[in-house]
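In the numbering used here, the protein residues as written are 1 to 54.
Just so you know, these hints were derived from the structure itself, not from any lab. This one's a predicted model, so the numbers in the text were calculated from it and none came from an experiment. Any given hint could turn out to be false.
No more than 25 Å apart at the CA atoms, straight line, and that leaves these computed lysine to aspartate or glutamate pairs for DMTMM-like [what the hints assert, rightly or not]:
1. Lys34 with Asp24
2. Lys34 with Glu15
3. Lys35 with Asp23
4. Lys34 with Asp23
5. Lys35 with Glu2
6. Lys34 with Glu2
7. Lys47 with Glu2
8. Lys35 with Asp24
9. Lys35 with Glu15
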Amino acid sequence: MEPQNFSLLSPVILEVLANRFPDDFTPEVQVAWKKFLFQVCAFLTSKAVYSHPA
Numbered sequence: 001m002e003p004q005n006f007s008l009l010s011p012v013i014l015e016v017l018a019n020r021f022p023d024d025f026t027p028e029v030q031v032a033w034k035k036f037l038f039q040v041c042a043f044l045t046s047k048a049v050y051s052h053p054a
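Using the sequences provided together with the hints, build the complete structure.
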């Protein structure tokens, strides 16, 4: 997976959680998930190995 795609995955995860758990996915829970996913994306991006075309 390309590092720039990590940030594209977060909104999809949030949408799935909101649709799957509508009663439990409160605004406070959404904020917590956004913060968590931001940290996950930052970590994955920092550990990504970039390959440059020759």
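Hint check results:
| no. | hint | in the structure |
| --- | --- | --- |
| 1 | Lys34 with Asp24 | holds (15 Å) |
| 2 | Lys34 with Glu15 | holds (11 Å) |
| 3 | Lys35 with Asp23 | holds (20 Å) |
| 4 | Lys34 with Asp23 | holds (18 Å) |
| 5 | Lys35 with Glu2 | holds (21 Å) |
| 6 | Lys34 with Glu2 | holds (20 Å) |
| 7 | Lys47 with Glu2 | holds (12 Å) |
| 8 | Lys35 with Asp24 | holds (17 Å) |
| 9 | Lys35 with Glu15 | holds (15 Å) |
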